[in-house]
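Build out the structure end to end from the sequences listed, making use of the hints.
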Amino acid sequence: MAYQPLTPETLLDYLKGRPALAEILPPDETYDVQEVGDGNLNLVFVVQSRENPAHTLVVKQALPYLRVVGEDWPLTRDRVIYETEALMLHNKYAPGLAPRVYDHDYEMSTLMMENLNRHEIMRKPLVRRVKFPNFAEQIATFLANTLFYTSDLYLKGEEKKALVERFMNPHLRKLQEDFVYTNPFKESPENNWNPLLDDLVQEVRRDGDLKERVAWLKEGYMNHAQSLIHADLHTGSIMINQQETRVIDPEFAFVGPAGYDVAAVLQNLMLSYASHFAHTPDPAARADYQGWLMETMKQIWERFAEKFENLWIEHPEGDLMPADYWAYPGGEADFARFRKDYLATVFRDMVGIAGTKALRRMMGIVSVWDISSIEDPVKRAVAERFAIQVGRRWIKEMDAIENVDQFLDVMREEAERVDA
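When the sequence shown is numbered by the numbering used here, its final residue is 420 and no position is left out of the sequence of numbers.
Keep in mind that the hints were calculated from the coordinates and are not lab data.
Quick reminder that beta carbons are idealized off the backbone N, C-alpha and C, glycines included.
Hints may be right or wrong, so weigh each one.
Said to hold, decoys possible - Pairs of lysine-lysine residues, derived as DSS-like cross-links and limited to a Cα-Cα distance of at most 30 Å, are as follows:
| id | residue 1 | residue 2 |
| --- | --- | --- |
| 1 | K92 | K174 |
| 2 | K156 | K92 |
| 3 | K396 | K307 |
| 4 | K340 | K156 |
| 5 | K161 | K174 |
As the list claims (entries may be wrong) - Derived DEER-like restraints, expressed as beta-carbon distance ranges:
| id | residue 1 | residue 2 | range |
| --- | --- | --- | --- |
| 6 | P26 | M222 | 46 to 52 Å |
| 7 | G96 | E416 | 38 to 44 Å |
| 8 | E23 | D198 | 55 to 61 Å |
| 9 | D419 | M168 | 43 to 49 Å |
| 10 | A285 | M321 | 48 to 54 Å |
| 11 | N192 | Y65 | 15 to 21 Å |
| 12 | D209 | P281 | 34 to 40 Å |
Pasting the structure below:
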């Protein structure tokens with residue numbers, strides 16, 4: 001079938017022609033179709049049986065342009081291939097932490113997958129101050145498993161190089177290179193920021209030390225092929241309930257710096273923290289929830305690092321340094337030191353990347369709903385100024401911040417300066 005954008009009216013006939021979906025969507029039932037896509041790139045539909053609501057799925061179709069901008073910004077539809085392939089690997093290495101893939105059609109740029117209708121996008125309940133007791137453990141497991149099992153620490157050289165080739169994803173990588181690392185830090189027509197922060201934004205753009213560090217972080221993003229990364233793992237790409245966490249939308253996936261995904265999760269929690277200076281005027285309620293967010297950030301890094309290292313100890317099978325490389329008197333201690341140093345480099349990258357991604361949300365093309373939903377520009381500026389100050393310090397102090405407590409101390413210190 002030649003490519004054409006689907007609509008609620010044409011979708012069911014298309015799905016009926018997909019043999020792989022016969023059990024998921026029995027042909028003798030009637031279905032409701034709803035378009036729910038509110039993202040920047042794609043069409044998204046929910047299909048559900050009227051007779052049996054358990055017969056349901058989500059259909060995602062890539063459009064040939066950047067939806068947030070419009071048809072004047074062409075974009076390859078190949079991103080659905082990367083998303084599908086990444087989801088299948090996520091299900092392999094982190095089962096139960098990503099939606100199941102039922103079918104895909106690369107000619108039509110469609111992906112048919114599990115409807116996570118018992119979950120909700122994480123961003124909005126964070127603004128409502130909902131606490132998720134299993135999130136830190138589950139997202140740390142996802143991060144550790146997906147980043148370890150796709151690295152040279154586990155894979156043989158041929159497998160890793162094939163993975164790099166399989167996930168080149170040049171067009172969406174270029175979007176991130178521009179919109180995360182470059183354009184927010186210079187004059188660019190698509191940038192958007194609160195005019196009340198113009199002085200601070202221009203100060204950041206003139207900060208040579210910060211910009212040099214961001215340039216090196218971009219160099220790492222472009223060239224440091226450590227692990228298969230999701231590359232867009234914000235709280236809008238996480239669906240959640242009180243029991244379960246699911247990671248969705250890995251269409252930006254490629255083999256890049258391992259610290260990137262960890263940074264994305266932690267800086268999004270920081271932005272949620274910032275939003276509560278406006279969303280939660282009661283000081284006691286705000287302090288309680290911001291405290292939970294910071295504790296969650298701490299747990300995520302600590303549990304990720306522990307899980308990642310344990311996987312490495314259990315599976316020293318990759319070609320980076322095979323187990324017998326350390327087979328000499330004292331080798332076990334040297335291997336432990338190498339593991340510690342490796343994770344320290346991931347942590348350093350994470351700190352700088354978290355700062356870069358925080359600044360791009362305050363000074364670039366797309367903010368986050370947590371903060372953009374603050375209607376009063378004066379109150380919004382309080383949250384945005386906090387986020388910018390934290391982000392710039394994470395970048396400028398990335399060599400001095402050695403552990404997660406020091407990373408969080410930056411937030412604590414900047415919070416003391418906020419007059420909310």
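- Message: Next pair to validate is K156 with K92; report whether the Cα-Cα distance is within 30 Å.
- Response: 17 Å, holds
- Item | Range hint compliance [Cβ, D209 to P281, 34 to 40 Å] | 36 Å, holds
- Message: Between the alpha carbons of K161 and K174, is the straight-line distance 30 Å or under?
- Response: 21 Å, holds
- Query: Does the Cβ distance between N192 and Y65 fall inside 15 to 21 Å?
  - Reply: 20 Å Cβ-Cβ, so the 15 to 21 Å window holds.
- Query: Should the hint that A285 and M321 are 48 to 54 Å apart at their CB atoms be regarded as holding?
  - Reply: Roughly 49 Å apart at Cβ, these two residues keep to the hinted range, so it holds.
- Item | Range hint compliance [Cβ, D419 to M168, 43 to 49 Å] | 48 Å, holds
- Message: Please verify whether K92 and K174 have alpha carbons no more than 30 Å apart.
- Response: 28 Å, holds
- Task: Measure nothing beyond the straight line between the CA atoms of K396 and K307; if it is 30 Å or shorter, mark the hint as holding.
- Result: Answer holds: K396 to K307 is near 29 Å, not above 30 Å.
- Consistency of beta-carbon spacing, E416 to G96, with hint 38 to 44 Å: 40 Å, holds
- Message: Holds or violated: K340 and K156, Cα atoms, limit 30 Å.
- Response: 22 Å, holds
- P26 and M222, beta-carbon distance inside 46 to 52 Å? 47 Å, holds
- Task: With respect to the beta-carbon atoms only, verify the hint that E23 and D198 lie 55 to 61 Å apart.
- Result: Hint holds: Cβ distance 57 Å, inside 55 to 61 Å.
Violated hints are absent here; each numbered hint is respected by the structure.
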